[in-house]
Amino acid sequence: MRPREATGGPPRDPVGTLVGFARTLRAAGVSATPDRVHAWLGALGHLDVRNPRDVYHSGRLTLCSGPDDLVRYDRCFAAYFSGFTPPPPRPAPPPVRMPRLVSVPDVVEGDPSGGEHRPAAASPAEVLRFRDVSRLREAERAEVRRLITLLDTDPPQRRSRRLRPAPQGRLDPYRTIREMLRRGGEPSRLLRRRPRRRPRRTVLIVDVSGSMAPYADALLRFAHAVVRARPRHAEAFSTGTRLTRLTRELRIRDADGAMTAAAAAIPDWSGGTRLGEELKEFLDMWGQRGMARGAIVVICSDGWERGDATLLGEQMRRLSRLAHSVVWANPHKAQPGYRPLTAGMRAALPYVDAFVAGHSLAALEELARVIGGDRRA
Amino acid sequence: MTHSSIPLPADVASPGDLSGLLGRHDYLADEALSTAAFLALRMRRPLFLEGEAGVGKTELAKALARILDVPLIRLQCYEGIDSAQALYDWDFPRQLLHLRAAEAAGVTDVSTLESELYDRRFLVARPLLRALETSVEDRPAVLLVDEIDRADDEFEAFLLEVLSDFTISIPELGTITAATPPLVVVTSNRTREVHDALKRRCLYHWLEHPGFDREVAILRRRLPAVTERLARDVAGATQRLRGDSYDLLKPPGVAESLDWAEALAALGARRLDPDLAAATLGAVLKYREDQARVLDAGLAALLNGSGAAAGG
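So the sequences go chain by chain: A and B.
For the first sequence, counting from 1, position 311 maps to 311 in the working numbering; every step adds exactly one.
For the second sequence, counting from 1, position 207 maps to 207 in the working numbering; every step adds exactly one.
Do not rely on the hints blindly, as some may be mistaken.
Claimed, not checked - Label-pair ranges, simulated between beta-carbon atoms:
(1) Thr175(B) with Arg232(A): 28 to 34 Å
(2) Asp132(A) with Ala279(B): 55 to 61 Å
(3) Asp275(B) with Arg232(A): 48 to 54 Å
(4) Arg317(A) with Thr180(B): 42 to 48 Å
To be verified - Here are some chain A residues the structure puts well away from chain B; computed CB gaps all over 10 Å:
(5) Asp35
(6) Asp132
(7) Asp284
(8) Trp304
(9) Arg339
(10) Leu349
Claimed, not checked - Under 10 Å between C-beta atoms, here's a sample of chain B residues computed to sit facing chain A:
(11) Ser14
(12) Asp17
(13) Ala40
(14) Gly80
(15) Trp90
(16) Glu103
(17) Gly106
(18) Arg192
(19) Tyr204
(20) Trp206
(21) Asp247
(22) Glu289
No lab work stands behind these hints, which were simulated from the structure alone.
Model, not experiment: these values are computed from the prediction.
For glycine and all other residues, C-beta sits at the position ideal for the given N, C-alpha and C.
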């Protein structure tokens, strides 16, 4: 980790070298924006640009903005200042199997042979609502996607510590006195206040492993609808063999754009399941620090845990103690005669407050209702 | 602490100098952290500290205030904090009293009365305003914005506004600008991601748990009653508790190892043995599951090889 400047030789323009490093850093995914680079150069004005340790520390302080950045920074720094080209920033994303934006055709109307009998009186959209999303044809799927985007996902509410003026409630001495001042000190009417309501945080964890593949797209779109409805109060993760935070990707307004970004971010699409370990990672890294506290946590998975489900049970217990409520959506629940027999499901169910299906549009509406349900909480 | 002998930031020529100075005020900073603090002083840029609870984020701000020999102004953030609690508030009851008194004295000039009513003396300064007002040339105040991640994001945007030009405008009174920007330390436990715009104005530093040697030094420095042997035992055990083999819900921070060592010293311990560890485990592990896990693995295993970790 010795910058080349330090090894002597003909003096070179440090600014060029530093800006070049910032460019490398950006390629590695650190947002080393020009203003940050400017701050770095400013910082080096107070330090010794020929001292590699000063260069290293000041760059870390000014160019990075999170622990993830620090790892990349260290790698780039070692590579850049020792004369090696850094390795490519990240492996190529898995093939994107996400849809392109398609114009919505007049879905089921012109295509009556859906393979299933429908009552003649029901409207096509009504029928579509109850169809299992894994058994849809392409045109129907496009329509269901569109409808998921339009789902009404009202955020759940909680009482805040903050008070707001209200016609009834506790006395508000400040406003009352201010009102008196305005009237020259004459006591006038009493003003009141009561707790405000804030959206309760919602955390969605969507299983994208192989067994969930037919439903993953619909569930991620549902997650997108939830995140978009309350960007600052919702978080989304995908799980499989790796836990991936998708909140940033799903904040993209356009549903297809968000799905493409999410697909690029998920490294373990259609892989195996290690739900217990993933849940533990979520709780260690995010949940216990505050993300799960008082939140509504929704897990969308079939609970097919390879191996021992003890860990999953332990982690579910931990989660249920942190969260306001835990909702489990299992698409297989809708199959006739379904029983929660998989080891994972059996381990998890004692700690689940609501167990729903989430296999069709209607079931997702139901899930949205369960999440937003407790409006007075 | 004599006032004249306290060197001001201008006398500190390098991060190394500052590190030594911090050391004299009982804060042992590594090179990365002392560079961060040095640049925060020199560039007058807020310092954004992130890290696990109990790694010494708040302590750094206190140590910096001691170095500069200025009071530490602390703004503890919590959910629902708003500008009346962070900036200023009018002292309505006193205003009312003043009004009544003026009335009784027969003052009738409305405009005079009004201007008197919104005088500086009726303004209650909250931490941010106090920091701007007390920050004078050569003696910048130290403002600690603690646990910003607990505040809502509206408050974050508001803080960003104050931190960008260190100016507060009060409609009834006018604009108050800091003579010199205070030294701002913002801490976060990372319970949620703080907005990038705020981080961009700051120097970002991630604080790690200290290594074995530094932890021993911290224990010795902060707790003179603790013997070298006890400090090494406690630091070794704490380092092991942070390791992957225990995989605790809440690995102990420096604050916990200080508590633990203090508890042991209060019991008159000169070294750590399994019985003493069992009696004082609550000082270092605050979750029942964590205690159970450590007890299951055996306390002897936790204490074994205290010296072996010395190299780490």
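Outcome of the hint check:
no.	hint	in the structure
1	Thr175(B) with Arg232(A): 28 to 34 Å	30 Å, holds
2	Asp132(A) with Ala279(B): 55 to 61 Å	60 Å, holds
3	Asp275(B) with Arg232(A): 48 to 54 Å	50 Å, holds
4	Arg317(A) with Thr180(B): 42 to 48 Å	53 Å, violated
5	Asp35	6 Å, violated
6	Asp132	36 Å, holds
7	Asp284	8 Å, violated
8	Trp304	25 Å, holds
9	Arg339	31 Å, holds
10	Leu349	21 Å, holds
11	Ser14	8 Å, holds
12	Asp17	12 Å, violated
13	Ala40	9 Å, holds
14	Gly80	4 Å, holds
15	Trp90	8 Å, holds
16	Glu103	7 Å, holds
17	Gly106	14 Å, violated
18	Arg192	6 Å, holds
19	Tyr204	5 Å, holds
20	Trp206	5 Å, holds
21	Asp247	9 Å, holds
22	Glu289	8 Å, holds
Violated hints, in rising order: 4, 5, 7, 12, 17; the structure is consistent with all others.
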